[in-house]
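Student: Using the sequences and the hints, build the whole thing.
Residue numbers for the sequence shown follow this note's numbering, so the first one is 1 and each next one is one higher.
Just to be clear, a hint being listed does not mean it is correct.
[Stated by the list, open to error] Once the Cα atoms are required to be at most 25 Å apart in a straight line, the calculated DSS-like pairs of lysine-lysine come out as:
hint : residue 1 : residue 2
1    : K128      : K223
2    : K204      : K128
3    : K21       : K164
4    : K128      : K21
5    : K80       : K255
6    : K204      : K21
7    : K164      : K204
8    : K80       : K128
9    : K164      : K128
10   : K241      : K80
11   : K80       : K204
12   : K204      : K223
13   : K241      : K255
Since the hints were derived computationally from the structure, they do not count as laboratory data.
Predicted, not measured: the structure shown is a model, and the values here were computed from it.
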Amino acid sequence: MTPDEILSHPARVLTAAQREKYFADGYVSVPEIVPADTLAELQQVTTDFLDQSRSVSVPDDTFDIGPGHSPDHPVLRRLKSPDIRHAAYWNFAAGLMADVAADLVGPNVVFHHSKLNFKWFDASDSVKWHQDIQFFPHTNYNVITIGCYLADTDMTNGPLAALKGSHNEDLYDQYDASGAWTGMLSDADAAAVDMSRVEYMTGKAGSITIHNARTLHFSPASKSPVPRPLLLNCFTSADAKPYTPHPDPTAHTYKVVRGEPVRWAHHDPRPCQIPPDWSGGYSSIYAAQAGEDEQAAT
1 MTPDEILSHP
11 ARVLTAAQRE
21 KYFADGYVSV
31 PEIVPADTLA
41 ELQQVTTDFL
51 DQSRSVSVPD
61 DTFDIGPGHS
71 PDHPVLRRLK
81 SPDIRHAAYW
91 NFAAGLMADV
101 AADLVGPNVV
111 FHHSKLNFKW
121 FDASDSVKWH
131 QDIQFFPHTN
141 YNVITIGCYL
151 ADTDMTNGPL
161 AALKGSHNED
171 LYDQYDASGA
181 WTGMLSDADA
191 AAVDMSRVEY
201 MTGKAGSITI
211 HNARTLHFSP
221 ASKSPVPRPL
231 LLNCFTSADA
241 KPYTPHPDPT
251 AHTYKVVRGE
261 PVRWAHHDPR
271 PCQIPPDWSG
281 GYSSIYAAQA
291 GEDEQAAT
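Tutor: Structure follows, in structure tokens:
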């Protein structure tokens, strides 16, 4: 569906201005949209998983831990696939977040994946400039990620930042000169980013960020010793079909969460880079950008 076709459908959650900003800039943030009781449940469940990670010594299918992780000082970088780890996460994704997605990708919405990232006061918390769609290319670009801040987020603890209008520009090469996947821009490309076009999406707990899969984004290092959790859910329009196998499917992958299935795919003529073959497994974008693991996805 085109932006005009999507906007012709009545909004479920977002305002007209918020929808228009998303299509114009490639991203939008919405302050404190999550109900207080829902937010409190998500925060408690997340604290429980953080405590569970203390007993983990190596990354596994549930926890991606960073260097220096220990029972006394956990460095949980990611809770993988939270949609299958606890009902609170899935209810949130299939509820309010699916309504938000419908306002931006059209009435027929498919769930793609979820993740819960933690930003730490540590070198391993860096998320460098990158675009998402090269990790999981689709037939069109109605692919979005919605992040929910589970803690107040400002310039001290690494908010999400996006480059205005980059969703309408060319995609970057996210392989290095030797042909290895890095999941990020080269140093030269990153240095050339026009920082005057960058918007930092700060917000109180319960605020959300939304960005298109073509939008160039990163998050600066945190200056706070308290970890900042960001719950992320990715959705696509039902007419956006994947070109490559899903790297880590769950029971909810490709589930229609709003509307109905479609029989025709929509094809955007703009090309998209193809990622490595992750059929042998992967870890996370942190591992890729740190050079820890060649089998790493976003």
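Student: A separate judgement is required for each hint: does it hold in the structure or not?
Tutor: Results for each hint:
1. K128 with K223: holds, 16 Å
2. K204 with K128: The given pair, whose Cα atoms are some 23 Å apart, holds under the 25 Å limit.
3. K21 with K164: Given that 25 Å is the threshold and the Cα spacing comes to 10 Å, the pair holds.
4. K128 with K21: Holds, at about 24 Å.
5. K80 with K255: holds, 18 Å
6. K204 with K21: Judged against 25 Å, a Cα distance of about 20 Å means the pair holds.
7. K164 with K204: holds, 22 Å
8. K80 with K128: holds, 20 Å
9. K164 with K128: Within the cut-off at roughly 16 Å; holds.
10. K241 with K80: OK: K241 and K80 at ~23 Å, within 25 Å.
11. K80 with K204: Holds, at roughly 24 Å.
12. K204 with K223: holds, 17 Å
13. K241 with K255: Within the cut-off at roughly 13 Å; holds.
Every hint from the earlier list agrees with this structure, and none is contradicted.
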